[in-house]
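Residue numbers (the working numbering), protein chains in the order written: chain A, 11 to 240; chain B, 2 to 282; chain C, -2 to 390; chain D, -7 to 209.
Take the hints with a grain of salt, since some may be wrong.
[Claimed, not checked] SDA-like, lysine to any residue: derived pairs with alpha carbons at most 25 Å apart:
1. 231(B) with 197(A)
2. 117(A) with 100(A)
3. 96(C) with 107(C)
4. 139(C) with 197(A)
[To be verified] In silico contact screen, one side only, chain C against chain D (beta carbon under 8 Å); selected entries:
5. 117
6. 355
7. 358
8. 365
9. 371
10. 372
To be clear, the hints were calculated from the coordinates, so they are not data collected in a lab.
Where is the CB? At the ideal position from N, CA and C, for every residue including glycine.
Read off the chains here:
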Amino acid sequence: MTRQVPLVLCFLFGIVMILTEFVPHSRSQGLYQGIVNWSLIISPFALVLAVATLIQTHWTRISRHTEHWQYSYVVFIGIIIMVLIGVPTFLNNVSFLSKIGLSFGPKSPIFEWLFNNVQVPMDATMFSLLAFFIASAAYRAFRARTFEATLLLITALIVMMGNVPIGDLIWNTVMAWTPWDDVTSTARQWILDNPNLSARRGIILGVSLGVISQSIRIILGIERSYLGGD
Amino acid sequence: MLEKLMNIDRRIIFIAIALSVIIPTLLPVNLPITGSEPTQKLYDYIDALPPGSTIMLAFDYGPSSLAEPAPMAEAVMKHCFDKGVRIIGVTLIVDAVTLADKLMQKVSEEKGAVYGKDYVLLGFRPGVTQVILGMGTEIAGVFESDYTGKPLSEIPMMANITNYDQIDLLLDLSAGSTVEIWITYANVKYGLQIAAGVTGVIVSQMYPYLQTGQLVGLMPGFLGAAEYEKLINAPAKGTEGINTESFAHLLIVGLVIMSNIAFFVHQRQSVGASSRSQREE
Amino acid sequence: MKGQKILCPSPVVQGLVILVFVLGFGLNTFAQGVTPPMNVDAKDTPNDAGKSITITWEKAVDGISVANRVRGYQILRRIETGEFEEVGPLLPPETTEYKDSTIEEGTPYAYIVRAVTEDGTTFDSGETDFVKGTGEWFHTKKIPLFLAMLLFSIAIVWNIYHAQSGKEIFVRRIPGLEAVDEAIGRATEMGRSILYVLGLGGVSDVATIASMTILGQVARRTADYETPLRVPCNDPVVLNVVREIVRSSYLNEGRPDAYNEENIFFLTESQFAYAAGVDGIMVREKPAAVFLQGTFYAESLILAETGNSIGAIQIAGTASEHQLPFFIAACDYTLIGEELYAASAYLSKEPMLLGSLRGQDWGKLFIFAAIVLGVILELLGVNWITTFLQRVS
Amino acid sequence: MEVFGIWVAAFLTFCIYSFLYRDNPFYRFAEHLFIGLAVGYGIVITIHQGLIPLAWNPLWQAITGEGEASRWGLLNLIPICIGLLFFARLSRRHSWLIRYPLAILIGVGSGIAIPNVLQADIFAQTHGTLTPFSQIGRLSAFEIFGAILMVIGVICTLTYFFFSVEHQGAIAGISKIGIAFLMIGFGSAFGNTVMGRVALLIQRVDFLLNNWLGTLF
Chain A
11 MTRQVPLVLC FLFGIVMILT EFVPHSRSQG LYQGIVNWSL IISPFALVLA
61 VATLIQTHWT RISRHTEHWQ YSYVVFIGII IMVLIGVPTF LNNVSFLSKI
111 GLSFGPKSPI FEWLFNNVQV PMDATMFSLL AFFIASAAYR AFRARTFEAT
161 LLLITALIVM MGNVPIGDLI WNTVMAWTPW DDVTSTARQW ILDNPNLSAR
211 RGIILGVSLG VISQSIRIIL GIERSYLGGD
Chain B
2 MLEKLMNIDR RIIFIAIALS VIIPTLLPVN LPITGSEPTQ KLYDYIDALP
52 PGSTIMLAFD YGPSSLAEPA PMAEAVMKHC FDKGVRIIGV TLIVDAVTLA
102 DKLMQKVSEE KGAVYGKDYV LLGFRPGVTQ VILGMGTEIA GVFESDYTGK
152 PLSEIPMMAN ITNYDQIDLL LDLSAGSTVE IWITYANVKY GLQIAAGVTG
202 VIVSQMYPYL QTGQLVGLMP GFLGAAEYEK LINAPAKGTE GINTESFAHL
252 LIVGLVIMSN IAFFVHQRQS VGASSRSQRE E
Chain C
-2 MKGQKILCPS PVVQGLVILV FVLGFGLNTF AQGVTPPMNV DAKDTPNDAG
48 KSITITWEKA VDGISVANRV RGYQILRRIE TGEFEEVGPL LPPETTEYKD
98 STIEEGTPYA YIVRAVTEDG TTFDSGETDF VKGTGEWFHT KKIPLFLAML
148 LFSIAIVWNI YHAQSGKEIF VRRIPGLEAV DEAIGRATEM GRSILYVLGL
198 GGVSDVATIA SMTILGQVAR RTADYETPLR VPCNDPVVLN VVREIVRSSY
248 LNEGRPDAYN EENIFFLTES QFAYAAGVDG IMVREKPAAV FLQGTFYAES
298 LILAETGNSI GAIQIAGTAS EHQLPFFIAA CDYTLIGEEL YAASAYLSKE
348 PMLLGSLRGQ DWGKLFIFAA IVLGVILELL GVNWITTFLQ RVS
Chain D
-7 MEVFGIWVAA FLTFCIYSFL YRDNPFYRFA EHLFIGLAVG YGIVITIHQG
43 LIPLAWNPLW QAITGEGEAS RWGLLNLIPI CIGLLFFARL SRRHSWLIRY
93 PLAILIGVGS GIAIPNVLQA DIFAQTHGTL TPFSQIGRLS AFEIFGAILM
143 VIGVICTLTY FFFSVEHQGA IAGISKIGIA FLMIGFGSAF GNTVMGRVAL
193 LIQRVDFLLN NWLGTLF
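Next comes chain A alone, as it looks inside the complex (with noise of 0.2 Å):
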């Protein structure tokens, strides 16, 4: 029970959606059909597996007084707040909450000047660091000490320039006695659409190669990774 019947379970629903590849007759389709609508059902339910070890690993930082573990009840108090305006829309039915304006669901305006003024702000501000780390990397760690790093740094320059205007800008101030304009962007272009293009199909083919092999383990059940431990 614990592991030979999702092993055929998934065995049996992989090799459908296969077949059904295959086949394009209206009985075929309308199986197919149903099973994208199950597995449509089903997934929602997986934000539980996230969630669940969200507030468990918090919890056990609380309990456990770990380094800083104040800042749970932080994550705790942003996770409530949320939900708490975000899910009861039943509630916009009861007229004393809205006459003290307040409203609940992801239209309610409180839910959007969170998202807007809270999350949007603080995820992005959270990525835009990377400009600066990757300033300083480019500074302190990317030097050209083998001929693969050099080549890369200098594929990286070109593309750098090449990206903005001001690298044609520079071209053809500094470059204006040669017969050619706008090289930069054109270097750019050419290594993309060809040096670039050719390294990345190799890389697809052999990816894809590796998914479908992966694929064929998990249907066959000889890859059972997925299952976890017992």
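Assemble the complex: chain A is given as a structure, and chains B, C and D must be docked to it using the hints.
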């Protein structure tokens, strides 16, 4: 001295990069933008659509990376509304839906487009691949109602649209791996035409699909946004951004070159020192 | 003089103008009957679910004047007992094929194609025979795809079976792996620790699994030398698995006494805080070797840069394509993409991994052959490989 | 309220940037608040845009007989029950039950992937490598050079990822060229990534200078 230069406090570099963005934002400059072929292809494709055609816009980016795709979406929507091409908004990423809603409202107000007639936002459904596949047979099977909860059957512009057969193009604005998923499932299985507008991070890996025609066009990052804005003659955030970006790139290129010069000089010196010490032994 | 010429054209020109008008009118009246679309044919669409019929035709011949040019085609259909009614929109004038996918499966329909001119006059083709849509049980165009899938599956399964039966499977030398011993040796010599970073992946992540396999092998070597091995984790589940793996490595080497559970610890599950934490460890403890193996996201460059600045030997490996450039530029050795998986197969000698690795190589060989052969044949003017691939893709 | 929102956003932005100086309580507060809100947002949207329209509504309509739904809607109970098994994660003893929904989702995913990935990535990409040669008569010398370079690049890169042969002699040479192609590919990714990361900073600076300072002056 050289040692010191090589191990400079990273906070000095942080300040330099901040200034390279702040100053051009305060004192904007206008640099000439050279267009590139992938963006031009996308523009030509949309421009050739007759009025009344429908494109699908997939907002597959979260708040963390909205800087690049948002101006692209804006430029393309303006182009479509001007041409009378209708837009269906959809997203596979959970935190994109509120962003998409805000952006669509903004552009439609500016262009006088009407919800339900010129554009519609279907919203989000969990399950990426299944959502794409489901819409291939019947859009209403996945989105029986739009983002606001209104049944699709009550939305006028959805009257003649059942699945991808009635959609002329899917433009995926992506900050992750969604473009490949759209190609694998919507293009291969249902023959939907696909174009992409992606953040800089994933630009390079789009090119194999561009060459095979699996992508009909591509907007590469801020540059793509700026190019599209140039093509529709409405410079906005993308153009401002790419001009500012110029100075930051210049700084980073400078830093890489400088540090490599220091590295080589240093290496040569230390090689010299070690060979001397060998002689002394 | 010149002005006069314009006012009073020469007789020849006058004649020509009259001729053109007469001819024009004549043809115009004649072309009232623009030749309608010919050879109209309706067929059940092959390889579908039976929910469409495909109609093909030859273009109508335009009239000469603009008004008589064909503006487009309208498809009309009827059921046996009914009247003709329009289906679909007005098709552009270059169309010669239409797929009517609004039919009832099994009901017979007859079609006509109507050419519509600029002035709105219509010219109907003859009526087709009655056809009905039927679903097919096998997609004939997908036979090659089916065969390719079958062959590849057999190759994978056969190789795994082969590996399981104890036959040796060769895996090539992987440069980064030779550096592993060098790095451990150096750490031992200097009396410093080794830092092994697993990245942000969860236990089901293929790259994380590969990384854990490699960690197991690294642990066996450090057990011998008694070099401290520090592993900060970012996922609580990974933490437990990793502890198990490292402990059994130490046990296998006969050094369970050297295993210290506190060296494998949970840091935090959030991305940047994890990066900051690992940075702190690097700066404080100055490990002699840093392993960055697994799934990485944007934090990759923060880690690689700090490791580089403390002068550690860095061996990185990831399948996260976007992070590879940073590792290559800032680390001493980098396992690129599939190399990470190969490395875990190489070190662990697990039959399932070795077998599928070779199966995938067979697949590559096949692609290889298709490309080389395809190019040679194309250059000789034979294009059947290209056409074949086009039909399938 | 809007101005207040901008100030809140600006404050949080500064909290996070303070990390650039060093780790500090402001950063930690913002970081944890962000994690909490993001998860909460995910829950809300999944319920309202996922569970309610896909699972609850059809089921409810089937029970009450409202709308166009038929009694077949009751069949939706099966996937709903399978989905509910995810909650078994909360109990240590029954957590193996989550293998049922996982096995179905993974089986479906793998099944769809095999033929489609084969078609989209292997057949189409191989075909794409050959197409320039089928129209070689119409290409300029430079384009022919590009086409040949592409074939060389693809073959050399593939060779590099070939593991069952020792890389010696000619194969070593070919795979060395493959590495060179890979490095150019990664270099271009690097250059583009810089564009992407700086773009994020530009957007934040634009917010601080134009939107936030705009409320002051």
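We went through each hint and held it up to the structure:
no.	hint	result
1	231(B) with 197(A)	holds (21 Å)
2	117(A) with 100(A)	holds (13 Å)
3	96(C) with 107(C)	holds (14 Å)
4	139(C) with 197(A)	violated (40 Å)
5	117	violated (39 Å)
6	355	holds (5 Å)
7	358	holds (5 Å)
8	365	holds (6 Å)
9	371	holds (4 Å)
10	372	holds (6 Å)
Comparing the model with each numbered hint stated earlier shows that hints 4, 5 do not hold.
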